[in-house]
Amino acid sequence: MTARPSASSPGAAPAAGAAPLLRVRDLTVSFTTAHGTVLAVDRVSFDLASGRSLCVVGESGSGKSAMSLALLGLHDRNARVHGDAWLDGQQLIGVDAKQRNATRGTRIAMVFQDALSALHPYFPVGKQIVAGWRRRTGASRQAAGAYAVELLTRVGIPNATERAKSYPHQFSGGMRQRAMIAMALSGEPDLIIADEPTTALDVTVQAQMLELLQDLQRERGTALVFVTHDLAVVAELADEIMVMYGGRKVELGSRDAIFASPRHPYTRGLMDSVPRLDRPVARLLAIPGSPPVLPGRIDGCPFAARCPRAPELGDRCARELPPRRAGLAGQSAFCHLPEAGPIVAEEAHGA
Amino acid sequence: MLWLVSLLTFSIFFLLPSGDPAQRFVGRDSTPETIAQVKQSLGLDEPFYEQYLKFAKGIVPVPGWFLDEKVYFSYNTSVPVREQIAERFPVTAVLVIGAAVLWVGVSLLIGLLSAVRPGGRFDRCTQWLGLLFVSVPTFVTGYLLLYFLWFKAGIAPGTGIPSDESVWTAFLNGRFVLPWICLSLFFIALYARTTRRNVLEMLRADSTRTARSQGLPERVVVGKHALRGALVPLVTMFGLDFGALLGGTVTIETVFNLPGLGQYTFNAVIDADIPAVMGTAVFTSAIALVTVLIVDVLYAYLDPRIRVT
Amino acid sequence: MTTGEGTTLPSAAAGGPAFALESEPMPPTAPSVLKRLRKDRFAVAGAVGLLLVLLIALLAPLWAAVTGHGPNEAFIREGIDEFGVPRGPNADFVFGVDPSGRDVSVRTLYGARTALLVGIIATAMATVIGVAVGLLCGFFGGTVDLVLSRVIDLFLVLPVFMLTLGIASACGGPQGCVGGIVRPGLSLIIFIIGLSSWGYMARVVRGQALALRDREFVAAARLSGASELRVLFREVLPSIVPTVIILTVMVFPAVVLYEAGLSFLGVGAIDVPSWGATLGEARNVFPTAWWLVAFPGLFLAITVLSVNLLGEGLGDVLDPKQETTDAGGRA
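Chains as they are written, first to last, in my numbering: chain D, 342 to 692; chain V, 4 to 312; chain H, 317 to 647.
FYI, nobody ran anything at the bench for these hints, they're computed from the structure. Virtual Cβ for every residue (Gly too), placed ideally from N, Cα, C. Don't take each hint at face value.
[Unchecked claim] Derived Cβ-Cβ restraints for the label pairs, each shown as a range:
id : chain 1 : residue 1 : chain 2 : residue 2 : range
1  : D       : D640      : V       : I309      : 53 to 63 Å
2  : H       : R531      : V       : L301      : 30 to 40 Å
3  : H       : F456      : V       : I297      : 33 to 43 Å
Could you build the full structure based on these sequences and the hints that come with them?
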């Protein structure tokens, strides 16, 4: 794995106003495959303030998972990560193993999608969730066990003392996910990245999970990056939303702004495709076509092939990088259509 | 199962025309009367099923009955089979156990190290070597080892165990070292490969990613998480192989002239020494079964998903 | 990019670029398999080795004619010296002489025939029986499975080696067994080895067939009205082909080594030259008569190694999940 911070700022965070907790600039993740280089994430940038939650929305293949993995250095061996990401001024990209391990769990923790496969089948749950913590603090087995029970209780698992000794396959799906959240909490991180943690759960359990996350956020002031493709979750949880398509950020803004007036045609399409209970709908709208299979870097807009509006501009959408246009209250979208908003000066694709 | 095995074995050997056991029992100078007498005492003139029943009794693992002396009495050497097995088994046991310790340790090590850097030089080297050792039969490696280490370099003892040496002394004299190496090489090649594959699979698993996300250093992730997951299929393999080997490795024992169970079985079969054959068949099957049982228990211990709560 | 007409959108096919983010496992068709195999160094080396062995097997009689030594002819005068020790490699006997006075080089070349014959036929036998039984078990289930599984287990548990020895040695005498039907020699050995080996394959095939039986495409075929046999042949059989191929490639070396082992111990096919036999004959004269070990051993190793190499390559190609040379990519 190689990862390099960008040449311009080797390690020092750019000075900013009320310094956000997480600053990501031009994060790029590419894979070398048998078919050539594939760009999973293409120059994505955003900020996240402490205690806030950002939902990263997109279809499968949009690069949202790859991006979140890259922040923790958990991407695959044949991935190349470029760009910068600062957590409280500390560079996350391209650092050595020791530094990475120091950040993982303590400053950033991750909650994965499928708890059954994410947990080791042969070790008891209690042992697993405090493994990192125990190693760091050198705590005894009893202390670690007690902490595990404490964590499990906090995430709402009944009979925690019993449960801590059980194995992952003995838990229900919802409980397993809670256990994963407990694991993420164990190091008391400043930021939690959750990669579609609720996708595999049914709706009621999902709701409980979201409630739990929100509680925890409020309680501990943890920032949250929540990757999902489910707009209902987004509506519930997000302070801010980042829409990704084909590896690129296509729109970024506060939840209210985006729901009220989505600027990018893709975001619009997403909003429109969610069936609404309060209005009769003639047909279910879908965005025709499927997400792109990513080649190397493309020049134009990644959505060009599917965009219903692209033909209006000839082949501009396919050939030219769309400019940044401003919406409500700091919202930005990358589109050629004038109605997406007035063009705002590019500051190296900053948020 | 044991029943079926012994029944079949017996049937086949019974049907094979391999000279008159009674005659062999008595020896060269014998008169027809003596032969007839012996035949009668051995019960050879009894019908098939009666003969078999006597053997069948010997399968029951009750101390008085198991491979009881009266029935399991070698035709050739006129010694109870049980005694002979007791004599031979330690040799085989030392051979197999020693080799097992060696091969398990080495293959785990090699497998782990290769998996950590797949495609790297160490890995590719060991892969080729592994394929090589899997392809060469043990008797050839045996020869090679003997040639270079004993004949040329003179650092290893030659073949065989002198009759005045006990197994323990032989062990101390290092007579087992070459056989251990020989036997291990093949299995190391096999097990290292499997270990490597299993560890790689574990390393690719989601659970490894989770462990890493906790900030656990790589060597803990590999040594504890990945290895633990990789072990389980290996345990099954090992159990089967070990159990089978304890029944005697004929080729190694032949090459190195070790008076073990394998050679004994071989000779018994060649000479159609039916009680001996039956005895060893029962004994080896029993051992195999016991090993399988132990493996099952071990497996449940290692993989909690198997356990019935 | 071509634009759509009016409000209908261009399909992804017209729009998107051509290749996949994750390499989709290609269904293994014969030409694609061969192509990938050619790129794999392991496999190529294996193929070359195998061809070499095949070649020498075919050329054996030619060599015998050239040297003027038949495979079973003993040349006591020329081959064995005054002390009764066979001569080593020299101008007359390129690979030396064996304790019975026979030309090792000729016997080695002929040994290739034995090895290949045993390998191919016994493996074929094991494969055919194994696949057939496995499929029947797995596919039809129920009583068929119950009964046949016991049979498989039996064959797996039998002290086959012992029985083989027994049969091989007992029937090795001039009169054979079972009233002369079972005669000593190569065919018997092949038969026994084949019988010993089919169990494993049957087990694996059975497992796969059982799993496949419940898969959707089988159900789909059934729903479309196909008869059971048809479903078996057209749906299940093709799916297990990769596994069977890999297993076959695993069985072949095992069979060859088995035969070598039997011959080594003296109970193999005594009517034909065999590498194992020569190796066995070396036991008493060994350290001096190194040529008895070196040449048969070398060729035996080459044969088995080649097939194993091919097996490696095939394994990687037919089951890309098992590709263990890199860590694999995920988006």
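Okay, which hints does this one fail, numbers in order? No hint contradicted; all consistent.
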